[in-house]
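Visitor: Sequence:
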Amino acid sequence: MDRLDIELYAERLARHVERAADELADARLREAWWELESAARPSLSARDVQRLETLGLLLTPPVASTIMRSVGERVADLAAIHRLQAIVERQRAEARQLVTGVTATSNPPSAS
1 MDRLDIELYA ERLARHVERA ADELADARLR EAWWELESAA RPSLSARDVQ
51 RLETLGLLLT PPVASTIMRS VGERVADLAA IHRLQAIVER QRAEARQLVT
101 GVTATSNPPS AS
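43 is the number that our numbering gives to position 43 of the sequence shown; each next residue is one higher, with no gaps.
It should be emphasised that the hints constitute simulated quantities derived from the structure, not laboratory data.
For clarity, every value in this text was computed on a predicted model and none was experimentally measured.
There could be a bad hint or two in this list.
To be verified - Just the calculated beta-carbon pair ranges, DEER-fashion:
1. Y9 - E73: 20 to 26 Å
2. L8 - A79: 21 to 27 Å
3. E11 - A79: 16 to 22 Å
4. Q50 - L4: 56 to 62 Å
5. D2 - L55: 50 to 56 Å
6. T100 - S65: 27 to 33 Å
Ideal Cβ placement from N, Cα and C applies to all residues, glycine included.
Make the full structure from the sequences, and use the hints.
Guide: Structural data, given as structure tokens:
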């Protein structure tokens with residue numbers, strides 16, 4: 001794979017990281033809202049709860065359960081993307097070294 005291909009792939013991964021981080025932040029926010037809504041439910045009548053759920057202002061328990069799972073999935077997604085990104089960044093650094101003519105050696109020249 002040439003350097004340009006690696007650079008383009010690295011940019012693509014960076015966009016995925018941003019999107020996954022945004023999705024995680026959104027899921028965590030919805031999780032916090034669920035906690036607020038759960039605390040408010042006992043103070044509301046059954047009719048109010050039903051009306052607010054219909055309006056989309058209160059989450060239904062099945063939706064909340066999905067959101068809780070979503071947070072864990074987004075965390076795992078982001079971790080996997082970061083692991084792939086680390087591999088690609090190593091390849092990117094190696095490709096840059098080849099282009100500039102710098103090669104890593106285990107025995108640098110001596111000062112003698």
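Visitor: Taking the hints in turn, state whether each one holds.
Guide: Tested hints:
| no. | hint | result |
| --- | --- | --- |
| 1 | Y9 - E73: 20 to 26 Å | holds, 24 Å |
| 2 | L8 - A79: 21 to 27 Å | holds, 23 Å |
| 3 | E11 - A79: 16 to 22 Å | holds, 20 Å |
| 4 | Q50 - L4: 56 to 62 Å | holds, 57 Å |
| 5 | D2 - L55: 50 to 56 Å | holds, 55 Å |
| 6 | T100 - S65: 27 to 33 Å | violated, 53 Å |
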